[in-house]
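We have chain A already, so just place chains B and C on it with the hints.
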Amino acid sequence: MTQPGTTGLIFNEPELWDKSREGRCGISIPRSDVPRADLDPALTGDAPELPQLSELDVVRHFIRLSQWNFCIDSGMYPLGSCTMKYNPKTNEVQAARKGFAAAHPLAGDQFSQGALKLMYELEQLLGEITGFPAVTLQPAAGAHGEFTGMLMIHAWHAKQGRQRSKILVPDTAHGTNPASASLCGYKSVNIKSGPKGVLEPATVAEAMDEDTAGIMITNPNTLGLFEDNIKEVCDIVHAKGGLVYGDGANMNAVMGIIKPGELGIDVLHLNLHKTFSTPHGGGGPGSGPVAVVKDLIPFLPVPRVQKENDTYSFITNCPDSIGRMHTFYGHFGIMVRAFAYILSMGGDGLKRASQLAVLNANYIKESLKTTLDLPYDRPCMHECVFTDKSVQEYHISTMDMAKRLLDYGFHPPTVYFPLVVDAAFMVEPTETESKDDIDQFIEAVKAIVKEAASNPEKLKSAPYLPKVTRLDEVAAARKPCLKG
Amino acid sequence: MKSIEELSFPSDVKYTDDHEWAKVEGDLVRVGISDYAQDQLGEIVFVEMPEIGDTFAQGDEFGSVESVKAVSEIFLPIAGEIVEVNSELEDAPELVNTDCYNKGWLVKIKPDDLSEMDNLKDQAAYLEMLKG
Amino acid sequence: MRYLPHTRQDIDQMLAVTGHADLNQLFETIPDSAKTKTGLNLPDALSEWDLNAEMDKLASQNAACRSYTCLMGAGSYDHHIPAIVPYLVSRSEFMTAYTPYQPEVSQGTLQGIYEFQTMVTALLGMDIATASHYDGGTALAECALIALRKSKSANKIAVSNLIHPSHRHIMKTYLGPSGYEMVDIPADKNGLTDLVALKSMDDIAGVAVQSPNFFGNIEDLGSFKACADEKNCLLITSFTEALAHGLLKSPGRFGADLVAGEGQSLGMTKSFGGPGLGILAGTQSMMRNLPGRFVGKTVDSKGRRGYVLTLATREQHIRREKASSNICSNNGLNAMTAAIYMAAAGKNGIREIARLNHDKAVYLKNMLVGAGLHSVYSGAFFNEFVLKAPAGFANKRREIAEKYNLFAGVPLEPFYPDMADHYLFCATETVSRQAMDLLAKEVKA
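Residue numbers (our numbering), protein chains in the order written: chain A, 95 to 578; chain B, 13 to 144; chain C, 6 to 450.
One or more of the hints may lead you astray.
For lysine to any residue, the following SDA-like pairs were computed, each having C-alpha atoms within a straight-line distance of at most 25 Å [stated by the list, open to error]:
(1) C:K161 - C:K236
(2) A:K561 - C:S306
(3) A:K573 - B:V83
(4) C:K393 - C:K161
(5) C:K62 - A:K573
If you're looking for bench data, these hints aren't it; they were derived computationally from the structure.
So that you can see chain A by itself, here it is in the shape it has in the complex:
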């Protein structure tokens, strides 16, 4: 089987301002049908020094730039914890509909029934999928959702007439977890996972006290393992008056199989740009809805969407609300895409997606466990974690293997996360990758491990095929050059 990566003609392209020529313009200036109105010269500045380019200059520039990028549409991204599944194109068609794209957020409820209905129904769908009675769509990304959830926990405690100072955070947690907790003034207490890679109730019970606001749990966790003691852990935290925050980044493993709301989780965020197929865009925009139990509903951000008979409206009269997280209602354009995806998949489709995501990950785990060191040899969920132990004798690292994978036509898996595993190499194929593509990936990893033994130098200087080789990140950090 030939590997996907190959050579090809791409183009060099300078920075925009190097192509700039005095007098060029790439935009159509609208005709003026009103008199010129002058502004006080004291308030007027010089025209900003933006480059001057023709339309073709701009098109060619960005088309050439695009050719230097790897993307889901060209190849597989087995990035653990990122759920890089296929981004359906019909979702783009839906988001581009004039009624949605041109909608002004302050047009008034009467003139925005389509948008309001979509938001209301999406809240219902996400609530059903996760097992919670209420959802807010306002947070603009996963980390933003975490902050929202933690603010609600903080507000709930304040309403009880107390404030606690600590929050329990497992050692497998994503960095955004303790960072979000810090923003609420909580001190993170590190909880070590047990030898099986999951939380042990005894460890949690030891740390949980009446000065602890709660715990932040990811399930399945970042090792790709189901937190089997989750119900007990939730009970322990609740018994001491704490709340359980659920990081739903890994929801892709369990749709239709578990509902976080049934396990004792009080507040959960989702990543629409992971589980629900909205595009990553090279770093956003994403969307991080938050689902809550009944007791936390009063604290949800405003405005909330309300349905009365067949009419939808925004309500702002929520005295216990934490406030506002976004200027308007959240990333509506992303909501449209996720909504279209859920409607396209249906309940059976989503469950199927989770089953196949888990099948794909287990298949890779079994196929590579004799090639790469597998620290937790147990059934995994939608992702599995390896280390570089098996190639260390050749002085090859996870980083070297990752860079060499690029030459084979694959984006590397997540590397050096989670921190509990040394030199982690975390693989999440998602359900949209076929057996054929996964077999190619497995073959590539095996070939690279062979190369590590026979020709380690080759890996150390990889990659060779992309437009640039390894970049000097040290220089970039010592003498930052952040603009041209």
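Chains B and C only, in chain A's frame:
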């Protein structure tokens, strides 16, 4: 990363458990991080320094050392007031990698109580800790 | 289902390797007590064609589905978007790419964002800009936190009452658990932030002012800088209409320390309020205090120009609980959108379009004042202004919307309860003279 044998640990300084070193120089004490610490961190890109006049107790965090992928807090070996910071590190943080006991020093302090130096490890004790 | 490629044969072959009898067995490590008994009660899956019909129906329940005249601003602006913008941004390589953590195969995204950062500094007259944030309001809240953390003594920040009310609401939400305080700088009778009131405030970590402010009026940022200097605190300026900087003196010229704003006007659709683009810029000395991602220029092992995410040690994935912000995703694709728009418009295009915005707004104001609405403020404005209407205008406004799909201003009462019958009008380059004349005629009637 190097093995312990390949690193250097001069005998004329004292060491902390967190891999800082301290050296008495007249009325002042000069502070830095050990060869082991800089080797573990990798190529250093930035050193976050305290301000002159800041005071700290023994073991207080007084700054941090950053590589591309990691940040390490640094803790003051003995209590004192910062009287000088190594301004060369602003343009050349790599001095901490290449010459951690001399040109790569971090701060000079006016110590509160020189006897606190007795709490620190000498060369032999520090080596033993590293090997253990 | 077309997104799921597995055939029966694929599944059987794979299960043979994993050692499970069927797909359900893959979940045997999950205790039965944890598994859901309720299943997913969702509508049946729709074909692409039925989905189109459903979504078409929903979209048509928004007034924006038909051609409409938008004279509303207040943080979301109607601007012409050149065809090349959605065309280029919809490239798979930009849209379906991941965050550029593996720079060798992400140079397209990285150079694009580097160019975005550069053009933002040119637009705002500042030294550095981040790779973007969620929106103007959250970027502003981050700036407030920077100022408050930097200050050794003050735990208060002075915030103009004429900053977009939702931006102030976000700031209040963000500051909630921290114990930091927001002190309101009221508006004066000219619809500008009251400098005199600010002068009497002490122990503040920073001053935050929006220009053009929520009422559309242009603030005297020079005086605010002087005041901030006297009080030895930071000046934070903000904006909701990025195009204003095509015409007005930049915040950098006035010595702003931090600038936060909304970039939606730079090529993004309004999309019912999101996703937009949070812009954050600062002076050189603020570099390590700014949250979020940065793209930096460097070289590869062969000395060729390249770009990487840099200064990542400030971020959550390294600092964890000590990170200054928890931000992970930015609004990457929208930053690319803004870069493409700014490249296409260029120095002269952005100037022309900004001037046209101002011309249209001045014309609209004159027409409406001529039709019987009252001018409230007399100072300079960019493309938004406040008018007071006679009682009953609310009904007329709704009728005009229903009849002509023309949206005449945003009512201010929900934002400022003592401003009943006041409306915030906006005219951009998209509004025709015809439409403005029509509105004036209807208002007069």
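Legend entry - Violated constraints from the hint list, given by number and in increasing order: When the structure is compared with the hints, numbers 4, 5 turn out to be violated.
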